[in-house]
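Colleague: Assemble the whole structure, with the sequences as input and the hints as a guide.
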Amino acid sequence: MLLQLKNVFKWVNTGGQRIFLLKDINLEVEEGEFISVMGPSGSGKSTLLNVIGMLDTFDEGEYHFLDESVHTLKEKYRSNLYKEYIGFVFQSYHLLDDLTVAENLEMPLLYKKVKGSERKALVADILDRFNIVGKKDLFPSQLSGGQQQLVGVARALIASPKLILADEPTGNLNSQQSEEIMELFKKLNKEDGVTIIQVTHSEKNAAYGSRVINLLDGRKV
Amino acid sequence: MFKNYLKIAWRNLLKNKGYSLINVGGLALGMAVTLIIGLWIQDELSYNSYFKNKDKIAQVFQSQTFNGETGTGPAIPRPLEKALRDGYGDNFKYLIMCSWTNDHYLKYGEKSISRPGNYMQREGPELFGLEVIKGEKDGLREVNSIMLSESTAEALFGNEDPIGKTVTVSNEHKLNVSAIYKDIPFNNSFNDTEYIIPWDMYVANNEWIRNAEDSWGNNSFQMFVQLVDNTSFEKVTNTIKDVKKTLNEDSAEFNPQIFLFPMKDWHLRSNFENGKQVGGRIKYVWLFGIIGAFVLLLACINFMNLSTARSEKRAKEVGIRKSIGSQRGQLIYQFLSESFLVVVFAFFMALLIVLFSLNGFNDLARKEIGFPWSNASFWLLSFAFVIFTSLLAGSYPALYLSSFRPVDVLKGTFKTGRYAGLPRKILVVLQFTVSVAFIIGTVIVMQQINFAKNRPVGYDKEGLIQIPTFSQDFNGKYDLMRTEFIGSGAVVEMSTSSSPTTQIWSNRSGFVWEGKPEGFQEDLAWTEVSPEYAKSLNLKIMEGRDFSRDYATDSLAVLINETAKKYLGMENPVGQLLRDDDEEDPNPPLKIIGVVQDMITQSPYEPVKQGVYVYDRYNNGSYYNLRLNPNQSATQNLEIVENVFKEHFPDIPFEYEFVDDQYGEKFAAEERIGRLSGIFTALAILISCLGLFGLTSFVAEQRTKEIGVRKVLGASVFNVWNMLSKDFLKLVIISCFIAVPIAYYIMNGWLQEYPYRVILKWWIFALAMAGAMLVTVLTVSFQAIKAARANPVKSLRTE
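If you're matching them up, the sequences are chains A and B in order. Oh and the first sequence: position 210 is 1668 in our numbering, straight run, nothing missing. Oh and the second sequence: position 711 is 794 in our numbering, straight run, nothing missing.
Do not rely on the hints blindly, as some may be mistaken.
Far from chain A, some chain B residues (derived; all Cβ distances over 12 angstroms) [said to hold, decoys possible]:
no.	residue
1	ASN95
2	GLU209
3	SER303
4	LEU370
FRET-style restraints, in silico, Cβ to Cβ [unchecked claim]:
no.	chain 1	residue 1	chain 2	residue 2	range
5	B	LYS788	A	GLU1661	33 to 43 angstroms
6	A	GLU1542	B	LEU89	18 to 28 angstroms
7	A	SER1550	B	GLY412	26 to 36 angstroms
Derived by calculation from the structure, the hints in this document are not laboratory data. Since the model is a prediction, treat every value here as computed from it, not as a measurement. For glycine and all other residues, C-beta sits at the position ideal for the given N, C-alpha and C.
Modeller: Okay, here's the thing in structure tokens:
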């Protein structure tokens, strides 16, 4: 088992009222799964994803990732854990505007303290794999949205994570670009065995996955 | 990793050229000020370091108490030499007598120059460790020898070898050049000692010095010592302090205390108050040190404010980096390397600024500071300075920016909270508090100088020149010269005096007069003058009459000044006598014939000292005072005066000085401080405004949409300007109210040192506040109006 959430609650207090963002979430994810999280706006999809990605904390419950109890870890270990095993793909790509494509791809490796020569090899590798060698010295603003998201996925993959978390990865893309990205995810899942959890509004995208989780008001339905 | 950080920092700098310029430029200015002040402080602290034995050398000082007031000074009596050599000689490696530094004429062949120099005992050059570059090291062995500084030798001899040649000093003594020593550097107490003549020559040529051999009361000499290795100044002082009192019972009533004044204190801690050392120039070292630190702080605050103000732009980057796996420490490290890069840039710019402005600064501060290119410790300190500045400027932004939570910033809903700007506001307030305090301080210094400048001097110093007449050649020539000068038409009146118009060289005591209180120990400024003194200076006679050549008895007459009238306690001074209190062999009594107006001879910040002007019976003053003909131009007058002078004293260089120039010298120190602090204040304000400018442009940019909406809804340019300016103006007003009491407290303390001082008026503070607000409004308005005038359609469309 890759990860397990047990009775996870997350809430905020506003005006003396407790509003639940996540309510009693129980979730088990096996390696190699391709899960789609669906639900209306404000149902807690992104929050759940952030909790899984350890970018956000929760107030009650347990979270085990590869037998580590995340809820008891210190920030430093948590960040070591996710930088080792998790890659993020965002709706608005979130590439660094000041860095070229190659430099953006290199960044996660820098934080993993990968050696210079190895870094170069890995970057060249992934550029090749995603067919974007010709774009390696361009800045994000010089690319189309689809190309930017391609770089975003490449960046998420470069450190060979076990898990990719994608928050509406195709939300800013047109249908043809969306399809390309989803095909890519499918291929990664099938051929490389990468576990993927994506948040999506689209039934069509959800269909690429092996399992769908529906959320409503922070609750699994 | 570091390379990667620098790359991003560099691209960030290029992308935001405006901010970068303000950041780097402001920091560079601040660092340049700090560097220059650092060089200045280093120069001050290294004063006299040319002397190798600096730590072992001291001057012998004396404190004496008159009427409960203790005066301290370097003047000591001759018999002290024998007393110290005989009784305490084993404390001293060297002990030398030394004259004051005085100008003399040096002549070789046709060449005649006037230079300052000293008489010293034989071991003087050894004690100070002068570097003899030619001739004999023991250059004062022969009585008729003279040691010359390198530049003086060059001025006299050109390319000739000076060793063994004969120089005529003061037109009478023929001395052989025995040695040439390297010029003593500028930042040294002896920087104007251009030659040294053996002490014995001084004694042999002056009867009054021979007479002073056993006179404990004639404090007219200097003494320097170098201690042996195994003792300290305190120890020796403790053993010798009562030597004069013990050996000379007459002096005991003044409680003379002899002590060693170490060389390391000569320059910076030379003020004495009631016999106690109370600092001195060191306060300016502190003052400028503090100014430097504050200016640097202001520049760093700019950096902090601009960095954190732009945080929303950087927030996304922080979020991405964190989600990719960056730890907070790594981000802090990244932001610190960014500030390091900026600071390194700023440092090189600062070096350029320092290089270009060092000459001007030297002129202004009367220094000869060179740029320490080859000084390893300078570069080491500079590196430390760069690191320190990076940390000072960069740590707050680094901590602040790296604290963002990725979830918040990546959702795109990130907005700095209501209080996020608070530290920024506090920093702006701090900046302007410092600036406003600087403005007030500078204005008050300037006011104090002007106040003292406008103080009536008591005589007419315009069109008055003085010519030094130290040489024996002038003896007895006064009447002749007066007739000649006045006859030439260039001079309307002339007199001689024993000290220059702007100084007091001699003080006397030992008089009795009617109504003198029991035990009163008087101290009178003593000037010997020719009868035309008051006339030539346009000095007003307040009571009685001036000297007159018509009365033979006037040779024993004196004029006193108004302060002396009060000091002596005389209702009707005219006709009263000042008798000598020596009962065995009294000098004839002096009759007061008139009271003259007070004239400022010493510090313009202090009350005029009680003074006596005595008829110069021997006709040999130290200066000619010439009142030039006001109906001719000064150049014309001077040409005629020089011709007349040359005719009678062909061997003596014609030297003169305008009295008002010399009087102006009295303000030099304060004016220098005033001008320097003025410049630093201007820079401080410039830096603060630069920061404010950047901050406003940022706020205007941030609120573009809001401004657009407001304008669409009918806001005028004025409304928008008002909205944007008000926030900053509020901060500056708060700063004013913090700065005013601080500045008042400090400047009031500074003014207490001057007995004659300006009264602090409220409008000075109001003016400084108004000035600060005006500058703020101008700075802010530029951006505010630009933003307010922008077409709202454009700014709304970009959304």
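Colleague: Return the numbers of the hints above that this structure violates; sort them in rising order.
Modeller: The structure breaks only hint 1.
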